Amino acid sequence: MKLYYHKAKNFGDQLNPWLWDKLIPNILDDDQITAFVGIGTLLNEQLSQRTRKALKRVIFSTGVGYGKRVVKIDDSYKIYCLRGPLSAQALGVPTELAVTDGAILVRRVLNTNSRKVNRFAYMPHFELAGEAWKLVCEELGFGYIDPRWSTEKVLSCISQTEILLTEALHGAIIADALRVPWVPLVTSHTILAFKWQDWCQSMSVEYRPLHMKRLHHPRQKLDFVSPARLVRDWARQKLAASQLIRLAKSSHPILSSDIKIEQLTVELEGRLEQLKQDIAAGCFFY
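Each residue of the sequence shown is one higher than the one before, starting from 706 at the first, in the working numbering.
Derived by calculation from the structure, the hints in this document are not laboratory data. All values derive from a computational prediction rather than experimental measurement. A few of these clues could be false.
Claimed, not checked - Quick list of the computed label-pair ranges, beta carbon to beta carbon:
id, residue 1, residue 2, range
1, K783, H957, 37 to 43 Å
2, D735, Q979, 22 to 28 Å
3, S855, R820, 15 to 21 Å
4, I778, E978, 20 to 26 Å
5, S947, G975, 43 to 49 Å
Stated by the list, open to error - The calculated lysine to aspartate or glutamate pairs, modelled on EDC-like cross-linking and capped at a C-alpha distance of 20 Å, are:
id, residue 1, residue 2
6, K714, E832
7, K761, D735
8, K758, D779
9, K712, D736
10, K981, D736
11, K761, E978
12, K761, D779
13, K761, E750
14, K707, D736
15, K918, E843
16, K918, E832
17, K839, D938
18, K965, E801
19, K943, E844
20, K714, E836
21, K839, E867
22, K783, D735
23, K981, D735
Even glycine gets a Cβ: it sits at the ideal position worked out from N, Cα and C.
All chains, full assembly: derive it from the sequences and hints.
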């Protein structure tokens with residue numbers, strides 16, 4: 706059974722090999738006859754083509770989104786769980802398949818009692834991350850968490866934060882899993898509200914994003930510009946800093962209830978156990 710995920714340099718996507726290797730280490734291999742589709746917003750019309758060698762596609766906590774059309778579910782799909790009720794509705798499948806995003810299973814493999822280093826930290830969307838945001842956070846005394854860093858580094862930084870301000874969905878998901886209150890921010894229209902709403906509904910919390918002006922265009926890679934360019938952007942960084950600290954101080958951080966997240970974690974574990982039993986019974990051998 707081969708793990709399929711979006712191989713961008715992005716924390717949410719890179720959680721896949723890190724997490725599933727710990728939870729189902731003896732199941733995943735390079736056999737493309739069965740595709741394991743886990744964390745990500747991958748349920749669109751492109752999935753069948755991208756897993757075209759698969760006779761069976763195991764869907765585990767994946768979400769609907771992106772693409773032009775929703776994937777057409779046929780006999781090749783075995784859905785164990787979905788990110789949330791909006792995904793189930795979009796696919797036209799029973800709402801019982803809507804559990805939550807599988808990334809919350811990090812709770813079972815990571816210590817949640819880390820020493821806090823930062824009162825606030827900011828995590829931008831991976832397409833909007835860069836040196837400029839790092840400078841803004843340093844000026845404010847905030848932690849800066851780049852979703853392009855290694856999975857271990859991002860997990861550690863989130864766990865050491867008291868309140869996470871995040872434009873990255875999996876920043877919020879992991880923060881909630883580690884019991885770190887979080888505040889959703891939006892700086893660009895490219896942020897997909899549907900996937901946030903889908904997950905938030907699964908957690909019984911309301912998606913109430915706070916809006917800021919973007920620091921730079923998503924296609925403008927500030928990591929690779931000259932120091933002179935960063936100086937010229939000084940005014941924009943000052944504005945971003947003033948907005949970020951204002952939102953941090955006036956925000957009402959979100960956190961799902963302890964009972965809810967434990968309930969969903971146990972439910973995901975049950976679905977994962979069912980997958981293991983199905984594999985043992987030979988359901989995916991051809």
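Here is what the structure says about each hint:
The hinted window of 37 to 43 Å between K783 and H957 holds, with their beta carbons roughly 40 Å apart. In this structure the supplied range 22 to 28 Å holds for D735 paired with Q979, their Cβ-Cβ distance being about 24 Å. The hinted window of 15 to 21 Å between S855 and R820 holds, with their beta carbons roughly 20 Å apart. About 23 Å separates the C-beta atoms of I778 and E978, a value consistent with the hinted range of 20 to 26 Å.
At about 47 Å, the beta-carbon gap between S947 and G975 stays in the expected band of 43 to 49 Å. At most 20 Å may separate the alpha-carbon atoms for a hinted pair to count; K714 and E832 meet this at roughly 10 Å. Proposed proximity of K761 and D735 is supported: the alpha carbons are some 14 Å apart, at most 20 Å. The straight-line distance between the Cα atoms of K758 and D779 is roughly 15 Å, inside the 20 Å bound, and the hint therefore holds.
With a C-alpha separation of about 18 Å, the suggested pairing of K712 with D736 holds against the 20 Å cut-off. A hinted pair counts as satisfied when its Cα atoms are at most 20 Å apart, and K981 with D736 qualifies at roughly 16 Å. With a C-alpha separation of about 18 Å, the suggested pairing of K761 with E978 holds against the 20 Å cut-off. For the hint pairing K761 with D779, the CA-to-CA distance comes to about 10 Å; that is within 20 Å, so the pair holds.
Straight-line distance between C-alpha atoms of K761 and E750 comes to about 16 Å, which keeps the hinted pair within the 20 Å bound. For the hint pairing K707 with D736, the CA-to-CA distance comes to about 5 Å; that is within 20 Å, so the pair holds. With a CA separation close to 19 Å, the supplied pair K918 and E843 stays within the 20 Å bound. The suggested pairing of K918 with E832 holds, with an alpha-carbon distance near 15 Å, which does not exceed 20 Å.
Straight-line distance between C-alpha atoms of K839 and D938 comes to about 13 Å, which keeps the hinted pair within the 20 Å bound. At most 20 Å may separate the alpha-carbon atoms for a hinted pair to count; K965 and E801 meet this at roughly 16 Å. The suggested pairing of K943 with E844 holds, with an alpha-carbon distance near 9 Å, which does not exceed 20 Å. Of the pairs offered as hints, the one joining K714 and E836 holds, with about 16 Å between alpha carbons and a cut-off of 20 Å not exceeded.
Distance check on the hinted pair: K839 and E867 sit about 18 Å apart at the alpha-carbon level, within 20 Å; holds. At roughly 19 Å between alpha-carbon atoms, K783 and D735 fall within 20 Å of each other, so this suggested pair holds. At most 20 Å may separate the alpha-carbon atoms for a hinted pair to count; K981 and D735 meet this at roughly 17 Å.
The structure is consistent with each of the numbered hints, conforming to all of them.
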